[in-house]
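Construct all of the structure, not just a fragment, from the sequences and the given hints.
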Amino acid sequence: MTVDNLLFFAKQHIHSDHAKILLAELLNKNPLELLTCLEETVPEETVEIYKKEVMALEEGKPLQYVIGNVNFYGNKFYINENVLIPRFETEELVEQTTEYIKKFFTEPVDIIDLGCGSGVIGLTLEQKVSTNSVDLIDISEKALEVTKVNKEKLNSKANLIQSDMFENINKKYDVIISNPPYIKTTEEIEDIVLNNEPHLALFAGVDGLDCYKKIINNLPNHMKDKCLIAFEIGMTQAGDITNLAKEVLGNIKVEVKKDLSGKDRMLFIFKNLE
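Residues in the sequence shown are numbered from 509 upward in steps of one, following the numbering used here.
Calculated from the structure, these hints are not laboratory results.
Cβ atoms here follow ideal geometry from the backbone N, Cα and C, with glycine treated the same way.
Check before you lean on any hint, since a few could be wrong.
[Claimed, not checked] Label-pair ranges, simulated between beta-carbon atoms: (1) 768 with 728: 32 to 38 angstroms; (2) 680 with 569: 39 to 45 angstroms; (3) 610 with 662: 18 to 24 angstroms; (4) 613 with 543: 45 to 51 angstroms.
Structure, rendered in structure tokens:
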């Protein structure tokens, strides 16, 4: 079959943009390049893979899981169903955190990424700022297998540690960052998310705050004298997280920032940072 034949087949089942993205990925081309090679013959093995991927998309599997990667902050990260699909809001968290690290720290920093999933946060920060160490933490062994692939692709020196947040950690950090599960167990979410992404990475108790409580209650044992804590949060959680942080940590500064859609999405805690 030709490229044109395959695109015609796919467009009967899925959106034309997705049809192009899938085929371009398999042929190692840019989607726009497909228009210049419509009459090219595609190997039969690739044809069969493409048809299976098209049907998987039609049945409701997310595009990122079908193609097996996602672009995050300029790097292509491997992902599968054992990790959350990274969102643009998390890129905003990394960007803002990078700015704060450069502003407040002059020496290489020790960073921990709690609930790292595919590792996009910690591995990206390792590339963007001067680091002494980067520890990537997840409770899921399968998630850490994904992280390991990304670590090796980026030639990273990060440490991978299986742990329920700080449970197996005996170290203090300059920067503590996390995009933990924060959806209420009773909250309704899109079917494509509910039916495909790991619930362990989505839900966090009746108020969605279980992971923040677990992290914040253990922060005193893991913060250096000067420390930056960065969270991605649910849009209604800023007040509760701020109150908990001040109750546990005392004299700190807290700053909440909105994402590009105008929703509270990032919460930063500053300890002795001026």
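Evaluate the given range 45 to 51 angstroms for the C-beta pair formed by residue 613 and residue 543.
Once the Cβ atoms are compared, 48 angstroms apart, the range 45 to 51 angstroms for residue 543 and residue 613 holds.
Has the hinted range 18 to 24 angstroms been met by the Cβ atoms of residue 610 and residue 662?
holds (20 angstroms)
Is 32 to 38 angstroms right for how far apart the beta carbons of residue 768 and residue 728 are?
holds (33 angstroms)
Supplied distance hint 39 to 45 angstroms, evaluated on CB atoms of residue 680 and residue 569
holds (42 angstroms)
Checked against the numbered hints given earlier, this structure breaks none of them.
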